[in-house]
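Undergrad: Sequence:
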Amino acid sequence: MSNNDTETQFYKLCEETDTQEIVDFFNERLDEFAFPIQPKFYFQANTKQKKNLIKISKIPPQYQDEMKAEILVQINPSYYDDFSVNNELDNLNDILFDQEIDKIQIDAKNGKITIKSRSLKASKGIIDKFNYDDVSRAEEIEQLYEEQKKDEE
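Residue 0 is where the sequence shown starts when you use numbering that gives the first Met the number 0, and the numbers rise one by one after that.
Don't read these hints as lab results, they were simulated from the structure.
Fair warning: this is a prediction, and the values are worked out from it, not measured in the lab.
Among the hints, erroneous ones may be present.
[Said to hold, decoys possible] Computed beta-carbon distance windows for the label pairs: (1) Q147 with N109: 15 to 21 Å; (2) Y131 with K67: 34 to 40 Å; (3) K148 with Q63: 28 to 34 Å; (4) I114 with E27: 35 to 41 Å; (5) E20 with S122: 24 to 30 Å; (6) T113 with E27: 21 to 27 Å; (7) P59 with D17: 26 to 32 Å; (8) Q147 with P35: 15 to 21 Å; (9) K108 with P60: 15 to 21 Å; (10) P38 with S122: 34 to 40 Å.
[As the list claims (entries may be wrong)] With a Cα cut of at most 20 Å, we get these calculated SDA-like pairs of lysine to any residue: (11) K123 with I105; (12) K50 with I105; (13) K115 with F9.
Don't be surprised by glycine CBs; every beta carbon is placed ideally from N, CA and C.
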């Protein structure tokens, strides 16, 4: 899923960059959640994003119209590719994506979107869904992967 044509740190995840599979995977995971209002997402690769496979943030209001989205989803494609194969946890990407999607909070009355941070990385719902050991191991694998990448440099 990497963008081999350019060394650009940021690029849009879409069919033109052969990254639609990542967007489709996100949407499959998103279908597991219930939101009172369906937010619009802008998908961006961040090849230098450290420590996280996926990072969700709110797009500032002054850019929402231009981007036609309220939430920015940044994904490191090399993490996604590497976490998709040869891992002790078959559902590693599922866990990491679900943990990030679970941070999205939408007020049904006014449609206000917030991204909650947590003192614990995983919510009780994610732990119940996958089990504590798998969630803990997924976080550990993500951290070890980043350390390995630093060692290779």
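Undergrad: Starting from the hint list further up, note which numbers the structure goes against and sort them upward.
TA: Hints 1, 4, 8, 10, 12 and 13 contradicted; others consistent.
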